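Asks: Given the sequences, and given the hints that come with them, work out the whole structure.
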Amino acid sequence: QQQVKQSPQSLIVQKGGISIINCAYENTAFDYFPWYQQFPGKGPALLIAIRPDVSEKKEGRFTISFNKSAKQFSLHIMDSQPGDSATYFCAASPRATNKLIFGTGTLLAVQP
Amino acid sequence: GAVVSQHPSRVICKSGTSVKIECRSLDFQATTMFWYRQFPKQSLMLMATSNEGSKATYEQGVEKDKFLINHASLTLSTLTVTSAHPEDSSFYICSASLAQQETQYFGPGTRLLVL
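Chains as they are written, first to last, in my numbering: chain A, 48 to 159; chain X, 2 to 116.
No lab work stands behind these hints: they were computed from the structure.
Straight-line alpha carbon distances no greater than 27 Å define the calculated DSSO-like cross-link-like pairs of lysine-lysine that follow:
{"id": "1", "chain 1": "X", "residue 1": "15", "chain 2": "A", "residue 2": "89"}
{"id": "2", "chain 1": "X", "residue 1": "65", "chain 2": "A", "residue 2": "89"}
{"id": "3", "chain 1": "A", "residue 1": "146", "chain 2": "X", "residue 2": "65"}
{"id": "4", "chain 1": "A", "residue 1": "104", "chain 2": "A", "residue 2": "118"}
{"id": "5", "chain 1": "X", "residue 1": "21", "chain 2": "A", "residue 2": "146"}
{"id": "6", "chain 1": "X", "residue 1": "42", "chain 2": "A", "residue 2": "62"}
{"id": "7", "chain 1": "X", "residue 1": "56", "chain 2": "A", "residue 2": "146"}
{"id": "8", "chain 1": "A", "residue 1": "118", "chain 2": "A", "residue 2": "146"}
{"id": "9", "chain 1": "X", "residue 1": "42", "chain 2": "A", "residue 2": "89"}
{"id": "10", "chain 1": "A", "residue 1": "118", "chain 2": "X", "residue 2": "42"}
{"id": "11", "chain 1": "A", "residue 1": "89", "chain 2": "X", "residue 2": "21"}
{"id": "12", "chain 1": "A", "residue 1": "146", "chain 2": "A", "residue 2": "115"}
{"id": "13", "chain 1": "X", "residue 1": "67", "chain 2": "A", "residue 2": "146"}
{"id": "14", "chain 1": "A", "residue 1": "104", "chain 2": "A", "residue 2": "89"}
{"id": "15", "chain 1": "X", "residue 1": "42", "chain 2": "A", "residue 2": "52"}
{"id": "16", "chain 1": "A", "residue 1": "105", "chain 2": "A", "residue 2": "89"}
{"id": "17", "chain 1": "A", "residue 1": "146", "chain 2": "X", "residue 2": "42"}
{"id": "18", "chain 1": "X", "residue 1": "67", "chain 2": "A", "residue 2": "89"}
{"id": "19", "chain 1": "A", "residue 1": "104", "chain 2": "A", "residue 2": "62"}
A quick note: this is a predicted structure, and the numbers were derived from the prediction, not measured.
Replies: In structure tokens form, the structure reads like this:
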């Protein structure tokens, strides 16, 4: 089944803290895993993406950790800022397609 | 780079009318464009995939005669919601990708309200 499970549904973090969002999948045909950030009333914006042959990827304050054997991946936002408050979606793309299957989203609130 | 625009940003129409939404890739040629629908506080649901010059591929449960998609050029795709009803009210978002690349660049979305 092409499904991506995301948790938590919502998250409150203090400014300067680490925000962690988790996703899990079943379909081993997925081979591309992006994370998107969406502000209210706007389209999603690509944050960072990873492939299964890499266990970790870091871009600035954003890090993806990938566990292929567990079929899980997570987004870590270091030094979280109020401007990071948004909804975050993980996604997965099956091999040989460029479709995206989105997770259910996590509403992040970073308190000043 | 990789900017995608949508027009209009919001539209209100009467039940039974048709509404056309445009999606443009401004600084790249998009071989594939996607259309999504997003209800409040929910995730993005893929409606259809369109490749330039060919018919769109619709996801299961999406009525192709109701949601007409045209991808006539490498920079423009249109979604027409025909005979719109209140249950079609939603946030419609397009995305575009380059040939042989999985990365999708999203437009800002179009808020449709059908009265």
